[in-house]
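Use these hints to put chain B onto chain A, whose structure you have.
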Amino acid sequence: QKEVEQDPGPLSVPEGAIVSLNCTYSNSAFQYFMWYRQYSRKGPELLMYTYSSGNKEDGRFTAQVDKSSKYISLFIRDSQPSDSATYLCAMSEGGRRALTFGSGTRLQVQP
Amino acid sequence: DAMVIQNPRYQVTQFGKPVTLSCSQTLNHNVMYWYQQKSSQAPKLLFHYYDKDFNNEADTPDNFQSRRPNTSFCFLDIRSPGLGDAAMYLCATSPEFGIYYEQYFGPGTRLTVT
Chain A
1 QKEVEQDPGP LSVPEGAIVS LNCTYSNSAF QYFMWYRQYS RKGPELLMYT YSSGNKEDGR
61 FTAQVDKSSK YISLFIRDSQ PSDSATYLCA MSEGGRRALT FGSGTRLQVQ P
Chain B
1 DAMVIQNPRY QVTQFGKPVT LSCSQTLNHN VMYWYQQKSS QAPKLLFHYY DKDFNNEADT
61 PDNFQSRRPN TSFCFLDIRS PGLGDAAMYL CATSPEFGIY YEQYFGPGTR LTVT
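Here the protein sequences come in this chain order: A and B. FYI, my numbering numbers position 52 of the first sequence as 52, with every residue one higher than the one before it. FYI, my numbering numbers position 103 of the second sequence as 103, with every residue one higher than the one before it.
A couple of the hints might just be wrong.
Claimed, not checked - Listed next, the in silico DSS-like pairs over lysine-lysine satisfying Cα-Cα at most 27 angstroms (straight line):
#1 K44/B / K17/B
#2 K17/B / K67/A
#3 K2/A / K42/A
#4 K2/A / K70/A
#5 K2/A / K67/A
#6 K70/A / K56/A
#7 K56/A / K67/A
#8 K44/B / K2/A
#9 K56/A / K2/A
#10 K70/A / K17/B
#11 K38/B / K42/A
#12 K38/B / K17/B
#13 K56/A / K42/A
#14 K17/B / K2/A
#15 K67/A / K44/B
#16 K38/B / K70/A
Since the hints were derived computationally from the structure, they do not count as laboratory data.
Excised from the complex, chain A in its bound form (with noise of 0.2 angstroms):
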């Protein structure tokens, strides 16, 4: 089993849809939460960094943590078509621990 499992789409939505992108994971002792962003051809960017439980929001994006069901969730709204690319999410323990990514969902807006 991976530690971080990430479904890898595509998921293809109109735009202005709401967009709901998700993760689970094993590791019970992962602390910091991100998500970023990868073009295609290009390397990935983060958007979205969360400590612990709860709920952090960056204009059009919402990052969600649910430790208690290790379950992570970025949502995006309004959807655009810039907003195609491929979400990673990652995780660490904290302290100086490597980031623990996951594969990947790819995700199209349509115009």
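This is chain B only, laid out in the frame that chain A set:
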């Protein structure tokens, strides 16, 4: 603009022929990372440098080596590439090691092994 640059963007090498990928950064960050990302898979950390201190992940094959001659540059050497080493290789930097600091990724080098 401060950035992470990787060269070349695409590299084709023959089975068993050594290849070197390069990464440079203008961010003056202490930490540089090399990741391997295969198609539809998660990036896998190969190793990282904290300044000149080299840190190898336990499962990184001996076939992969790295050099960091100065703060700005880091190289990934694959001594005898196999077909299984075909992947995207991502370089990243951060001011310190740890999740507290955002990692800045380069665009990657796509390696093909023939």
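Are there hints from earlier that the structure breaks, and if so, what are their numbers? As far as the earlier hints go, 2, 10, 14 are violated by this structure, in ascending order.
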